[in-house]
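Asks: As given, the protein sequences belong to chains A and B, one line each in that order. Using the working numbering, read the first sequence as starting at 4 and increasing by one per residue. Using the working numbering, read the second sequence as starting at 90 and increasing by one per residue.
Hints were generated in silico from the structure; no laboratory data involved. Incorrect hints may have been included.
What the hints assert, rightly or not - What the simulated footprint calls covered on chain B by chain A, stretch by stretch (three residues with Cβ under 8 Å from a Cβ of chain A suffice, anywhere in the stretch; the number is not a length):
(1) 98-109
(2) 156-165
(3) 312-319
(4) 354-362
Each residue gets a CB set at the ideal place from its N, CA and C atoms; glycine is no exception.
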Amino acid sequence: MDAESRRAEFDRFMRTHGPMIYTLAVRLTGHTAEGQDLAQETFVKAFEHFAQFRGDSAVRTWLYRICVNTWKNRVRYEKRRFFWQHVSLDSGAEDAPKADAFAAPQPTLENRMEKIERHEQLHRALAALPEQDKAIVVLRDMEERSYEEIAEFLEIPLGTVKSRLARGRERLRQRLITMSKENP
Amino acid sequence: MSNTLHIESLLSGYLDDQLSAAEKQQVEHHLRGCGTCEQHRQDLLKVRALLKESPVLTPPESFYTAVHRRIDQKQAAASLWVQPWKIWASVAAVLMVGVITWQVDQENMHPQPVMSEISPSAHQDLIVSVQKPEMPELKKMKPQKQPLAKSDDLQERDNAKEIVPEQRLDEGAEFAKAKRQTDSLGSVEIRGVARNLAVAPARNAESLPHSVAQSTIIRTARVFETLWQSYYPEASVPAVNFDQFIVVAVTDGKILRIETLADRVQVYYHPTTNVPFHYQTLPKTQLPIQFLAQ
Chain A
4 MDAESRRAEF DRFMRTHGPM IYTLAVRLTG HTAEGQDLAQ ETFVKAFEHF AQFRGDSAVR
64 TWLYRICVNT WKNRVRYEKR RFFWQHVSLD SGAEDAPKAD AFAAPQPTLE NRMEKIERHE
124 QLHRALAALP EQDKAIVVLR DMEERSYEEI AEFLEIPLGT VKSRLARGRE RLRQRLITMS
184 KENP
Chain B
90 MSNTLHIESL LSGYLDDQLS AAEKQQVEHH LRGCGTCEQH RQDLLKVRAL LKESPVLTPP
150 ESFYTAVHRR IDQKQAAASL WVQPWKIWAS VAAVLMVGVI TWQVDQENMH PQPVMSEISP
210 SAHQDLIVSV QKPEMPELKK MKPQKQPLAK SDDLQERDNA KEIVPEQRLD EGAEFAKAKR
270 QTDSLGSVEI RGVARNLAVA PARNAESLPH SVAQSTIIRT ARVFETLWQS YYPEASVPAV
330 NFDQFIVVAV TDGKILRIET LADRVQVYYH PTTNVPFHYQ TLPKTQLPIQ FLAQ
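In isolation and in its complexed conformation, chain B is listed as follows:
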């Protein structure tokens, strides 16, 4: 049996003449005495022939028109972008020169390096304050008297306040991008999943900066196998008895709990990029299933 499997693993390379002379001889010797492997070889040849006879496609005329339109759009966008880019680059350069000049002045006024005596958070405050109007006052203060009251927690909280809007922008852009791609697929291709799939824009920007969690209900082994292998191609597919159970699954998220109410089932999940795919089984039900991000 193991010998048969070994030959099967060599058949693909044998068809493409990719085996060593010794392997080739081994395969040919085996094939002469093994009808199963010979049939396997013929099957693979037929599959390959079927693939080869797949026709070359001719793009419709609209394809070429669309390419020209996209080039035009890209060029138009680029021309709009050039001018502001130059302006902002100039502003940034001036600012950088100003900051560097001011820092050099600071060093000249206070020859002793003072940053080493300040905590990292105070260091950050000082650097940030460089661009504020009250800078001259701060400049006169001795480093030891810089506002050090902020605990690390407060510092982090303040940082978070500044970061959140940017993350929300990223998140929105990601979702819009995902939606654009979904739209471009055409209704036929996504119709099947629209029934069950709830695309949930992330609520927690901190945990989901680059992804959008998705959820679905899986009712057949075939779908489950396809999805599982798309995430874990090397792992065997877990056994689920779809005669009695269904699977609820989320990507880029973790299922927290499932609550069965009188009129629906609620699946609570936490969006997180740390978990690419998470599923749970539950007994077959006719109740609607609602996914709720937490």
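So here's chain A without its partners, still in its complex pose:
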């Protein structure tokens, strides 16, 4: 296959799996621009080995793994900087309430969820989670991956997946409750 045909085939492949990887990347990073960059890098890496995986039934998992690994590497090597981005998101609101979200009373979510801007608040709540907790919540509750897959993707023990998922969900719940109180 000549280079032009190969590129055309890769383009079709990319358009087939683009939304999946693009969505995953934006969810993992929590930012559209950074997610877009991560998804692009995923496909650039995939192109290097594209011929080897053409027609493979596990190609989606392979692509998925490239994306998660690339994201992990970014977090690993740019860890400090990465976290500062979250600070930047929050630091815009200097007049934000000073109450400790975790020490706040625990009202129910009943009739409150409708009053918050759902996805924006969810995005902010997710972004406030520690990176690994966020990734586990994203992979489990948004991407609907199994515990075993998450453990494999993130290279962590199954028990850690369970405990961090529980912690991430709980923190998310508490943050959303706090946000709904701030925006009644």
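Got chain A; can you put chain B on it based on the hints?
Replies: Then chain B, alone, in the frame of chain A:
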């Protein structure tokens, strides 16, 4: 109370059907008699439902164009790199063969092993001198007469002179990389921190070979909590009264001292990768705060 907490810790696994039969039975029994935990369960279900309804995104057309462009750039860079790489590989191979041949000759000329009689630093001098023009003269010298005058300190200083430019390159590359990433984030996302954040390229290459220190001023508990947990997720967040105090913080560095002048506050810090995050509180002030690396 402890029983309630115990059930709460099991709820996440319960929702995903990850509990053992005994645990599941325990949770269900508890939920029937505990309205708080039942409400907690329903809250978690709602959070999960909210996460699930997050839409699948469609990348813009420019996304695909950008991928093709990046592939083109990578291929172009690779093709430029191939030729010099082959040349340098050949040169390196020839040099290695030359050095090995010379070392074999040396051993043949001096059958008695001499390196064991030389200090490590002299050993290093000898190896380095192999590639110098004056090599034949050195070759004739007896090992005991090799220049051993350099103390360890001098040796280290010389080594440092050789290493510094390389470290500066690394440092510059690191900073450029960090800047590229910052640029790629877009102005909206970094605008909030730009007000307070002073990105300081490291001055001390020895202490900061792989990182760039950052500094910031934190005025709210929420920001402080977020930052603290990003570095120490397992540790509880220190209590700071943000009604009366602010926090000055650096990453990959340590705050040395804080000086309050008439027109500004100066925070002196030392960049070091040994300290991932360091902060100090100071009373609220309207003066500008300046971070200075030392």
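Asks: It remains to establish, for every hint, whether it holds in the given structure.
Replies: Consistency of the hints with the structure:
no.	hint	in the structure
1	98-109	holds (count 6)
2	156-165	holds (count 5)
3	312-319	holds (count 6)
4	354-362	violated (count 0)
Checked against the numbered hints given earlier, the structure breaks only hint 4 and satisfies all the rest.
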